[in-house]
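Numbering of the sequence shown is given in my numbering, commencing with residue 14 and proceeding in unit increments.
Just so you know, not all the hints are guaranteed correct.
Estimated spans, in silico, between C-beta atoms of each pair [to be verified]:
no.: 1; residue 1: Thr253; residue 2: Arg203; range: 20 to 28 angstroms
no.: 2; residue 1: Lys79; residue 2: Ser304; range: 36 to 44 angstroms
no.: 3; residue 1: Glu453; residue 2: Pro594; range: 36 to 44 angstroms
no.: 4; residue 1: Trp423; residue 2: Gly643; range: 49 to 57 angstroms
no.: 5; residue 1: Ser104; residue 2: Glu189; range: 51 to 59 angstroms
no.: 6; residue 1: Lys274; residue 2: Lys330; range: 18 to 26 angstroms
no.: 7; residue 1: Ile225; residue 2: Glu562; range: 46 to 54 angstroms
no.: 8; residue 1: Ile225; residue 2: Ala256; range: 18 to 26 angstroms
no.: 9; residue 1: Glu189; residue 2: Gly574; range: 53 to 61 angstroms
no.: 10; residue 1: Asp121; residue 2: Gly643; range: 28 to 36 angstroms
no.: 11; residue 1: Lys277; residue 2: Lys330; range: 45 to 53 angstroms
To be clear, the hints were calculated from the coordinates, so they are not data collected in a lab.
Predicted model only: the values in this text are computed from it and were never measured.
Positions of the beta carbon are idealized from the N, C-alpha and C atoms, including for glycine.
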Amino acid sequence: MLKRLSHLIFLLVVCGTIVEAKSIATQRSEKMGVGMNLSYLDNYWLGKKENRFADFFDPIEFEKRKPMLDEIAKHGFRTVRIPVCFSAWVSFEKPYRWTLPEGLKAVDDLVKRALDNGLIVIIDLHHTELDGSVPGAASTERIKWIWSEVAKRYKNSDPEKVFFELRNEPHDIEAEVWRNQADELIKTIREIAPKHTLVVGFHDWNSRKALIDSKPFSDKNIIYTFHYYDPFLFTHQGATWSAEGLAEAKSIPFPLPEKVKLKKPPIVKGNWVDGLYKTYSADSKKEKMVSDLEAAKNWSKKHDVPIFLGEFGSFGKHIAIEDRCRHAKLIYSALGRLKIPNAWWEWDAGFSMFEKGTGRIAACMKDAVSSYESSRPDGWSLTWSDEFNGKKNSAIDKSRWTARIGGKGWGNQEYQYYTDSIRNAYQNGRGSLVIKAIKEDLAPEFKCWYGKCKYTSARLVTKDNFEQKHGRFEARIKVPAGAGMWAAFWMLGNNFDEVGWAKCGEIDIMENIGREPQKVYGTIHGPGYEGAKGIGKSFSHRSKAKFSESFHVYAIEWEKGEIRWYVDGEHYQTRNPSDLPNNTNWVYEHPFFILLNLAVGGRWPKDPNKSTKFPAEMLVDYVRVYERVGG
Numbered sequence: 014m015l016k017r018l019s020h021l022i023f024l025l026v027v028c029g030t031i032v033e034a035k036s037i038a039t040q041r042s043e044k045m046g047v048g049m050n051l052s053y054l055d056n057y058w059l060g061k062k063e064n065r066f067a068d069f070f071d072p073i074e075f076e077k078r079k080p081m082l083d084e085i086a087k088h089g090f091r092t093v094r095i096p097v098c099f100s101a102w103v104s105f106e107k108p109y110r111w112t113l114p115e116g117l118k119a120v121d122d123l124v125k126r127a128l129d130n131g132l133i134v135i136i137d138l139h140h141t142e143l144d145g146s147v148p149g150a151a152s153t154e155r156i157k158w159i160w161s162e163v164a165k166r167y168k169n170s171d172p173e174k175v176f177f178e179l180r181n182e183p184h185d186i187e188a189e190v191w192r193n194q195a196d197e198l199i200k201t202i203r204e205i206a207p208k209h210t211l212v213v214g215f216h217d218w219n220s221r222k223a224l225i226d227s228k229p230f231s232d233k234n235i236i237y238t239f240h241y242y243d244p245f246l247f248t249h250q251g252a253t254w255s256a257e258g259l260a261e262a263k264s265i266p267f268p269l270p271e272k273v274k275l276k277k278p279p280i281v282k283g284n285w286v287d288g289l290y291k292t293y294s295a296d297s298k299k300e301k302m303v304s305d306l307e308a309a310k311n312w313s314k315k316h317d318v319p320i321f322l323g324e325f326g327s328f329g330k331h332i333a334i335e336d337r338c339r340h341a342k343l344i345y346s347a348l349g350r351l352k353i354p355n356a357w358w359e360w361d362a363g364f365s366m367f368e369k370g371t372g373r374i375a376a377c378m379k380d381a382v383s384s385y386e387s388s389r390p391d392g393w394s395l396t397w398s399d400e401f402n403g404k405k406n407s408a409i410d411k412s413r414w415t416a417r418i419g420g421k422g423w424g425n426q427e428y429q430y431y432t433d434s435i436r437n438a439y440q441n442g443r444g445s446l447v448i449k450a451i452k453e454d455l456a457p458e459f460k461c462w463y464g465k466c467k468y469t470s471a472r473l474v475t476k477d478n479f480e481q482k483h484g485r486f487e488a489r490i491k492v493p494a495g496a497g498m499w500a501a502f503w504m505l506g507n508n509f510d511e512v513g514w515a516k517c518g519e520i521d522i523m524e525n526i527g528r529e530p531q532k533v534y535g536t537i538h539g540p541g542y543e544g545a546k547g548i549g550k551s552f553s554h555r556s557k558a559k560f561s562e563s564f565h566v567y568a569i570e571w572e573k574g575e576i577r578w579y580v581d582g583e584h585y586q587t588r589n590p591s592d593l594p595n596n597t598n599w600v601y602e603h604p605f606f607i608l609l610n611l612a613v614g615g616r617w618p619k620d621p622n623k624s625t626k627f628p629a630e631m632l633v634d635y636v637r638v639y640e641r642v643g644g
């Protein structure tokens, strides 16, 4: 017993500092990542009837939303916030009762569909005042009854996956009045569902300032939420439901270019929107917005509680998609660096990420979302990178990369001839490297192991330019689709020329073959465990989406005696010397160099077929290498 206790104390003490265990709420918040609000339900619940849908239910509306949950998961979102106006289905007189049980069943179905997709679910009590109840303390008893019923309904759900948000955007209510009401609601829920995490915001519409000006509640299993729609003039231009002047605002760019002066509609003169115009230049600056989010994170650190950005976004009616994407990417990048989980408002209505008229998320919005996972990781310092920010159709940076040449099969009976041509490897002017596999009728001098070559592609290496022992190696990549494609981001030991493969060691950070579009592989190869005997594991997309559909961040963290693999920040395997076969060596304690390539065919990916489209492109947004801070 004493030995076990001593061992526990040893584990909790690092360099003389006691390491406190993370709270349950913090642990759960770390799994939330990027999220999405299931759109338009808030308006649907209320409806257009004078009685505010107290007797209305349309099953078709809910059936439409079930596949939306599938799509949300497919696009890599981890959390869904479901706004529910339970109060629309509750009597106003005591004893309170449900007036529309069918609505509750519909919510059950949505929650189940979300959970089936592997999503974390936030059940959000939306629009408590709009049902006719009195704001403030007078509505407390009715809302307590609602939460007691909802807690009973979901008390047996997985507390790791189902969270309760007490009330959306409390407003027209004093801070202390809302705090007292929230205390009552927390107590009510805890008597029924003691293990479920609660999501709680503060007064003034869940504003960031209200968060910073408030103190946490005594309950330890709470994630604190805030909403951020700054700069409001940009995000709400064209909004007819807000203040006078916003409906008339349009084509306001983000950020405001130097020497550009906005034209104000006359109607705003003298109201608070007038002030938004005056401060827009400062409000739209990156430094101001990042500072806002850092202040929220500092509050979180000060009180040692987790936070969640429950709503942010921009109304797309009058805004160019490029401006919306710039705004989104700035926020997602900051949230990723600060490790703040979040939920975009909203999936498919006015604030959606869709390109107008397509019903599909805009490519630049996908890019913005993925920047959340690609922000600088804590504990690491950048040592080398290539951001591929060259001009359109420009060559690779030869101070960083060298192109390998040849069609000898590369040990795998691959079909392509690797060239140093700009046709096969170039920068696209939009921040990415393109490695292009082309099917073509080549001249006789292009000889492959099987005869005259049929394909060209590129294989880029940092050998003789950059190598590093240990660290975090990551790249943001969009792999190509199609049978016979083989995209890879990997490393070889810098003693390759002296000892050969596999004594030099090989670390495959990411490999994807076209016939397995929903998997990527991470593997190590060394003497006695090379080729088909390599040691590794595959990672499957949670939502069964194809990796070729969007960019993903692939990384390893390599330290003495251990290598860890990640996809979009999710750790999926660790390897160390204990994983090796008997009488083999761990050959990963010397510098390695980086390789990027796109192969065609081979023993593993097999041949292209009639459905394979050429040219095929592997896009690389960046490659970054870090070393551990402090060595």
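Against the structure, the hints:
1. Thr253 - Arg203: 20 to 28 angstroms: Violated, at about 40 angstroms.
2. Lys79 - Ser304: 36 to 44 angstroms: Given range 36 to 44 angstroms: holds, Cβ gap about 40 angstroms.
3. Glu453 - Pro594: 36 to 44 angstroms: holds, 43 angstroms
4. Trp423 - Gly643: 49 to 57 angstroms: violated, 39 angstroms
5. Ser104 - Glu189: 51 to 59 angstroms: At roughly 29 angstroms between Cβ atoms, Glu189 and Ser104 fall outside 51 to 59 angstroms, so the hint is violated.
6. Lys274 - Lys330: 18 to 26 angstroms: holds, 23 angstroms
7. Ile225 - Glu562: 46 to 54 angstroms: For Ile225 and Glu562 the Cβ distance comes to about 38 angstroms; the hint is violated.
8. Ile225 - Ala256: 18 to 26 angstroms: holds, 24 angstroms
9. Glu189 - Gly574: 53 to 61 angstroms: Holds: the Cβ-Cβ distance is about 55 angstroms, inside 53 to 61 angstroms.
10. Asp121 - Gly643: 28 to 36 angstroms: violated, 50 angstroms
11. Lys277 - Lys330: 45 to 53 angstroms: violated, 18 angstroms
The structure does not agree with the numbered hints 1, 4, 5, 7, 10 and 11 stated previously, though it agrees with the rest.
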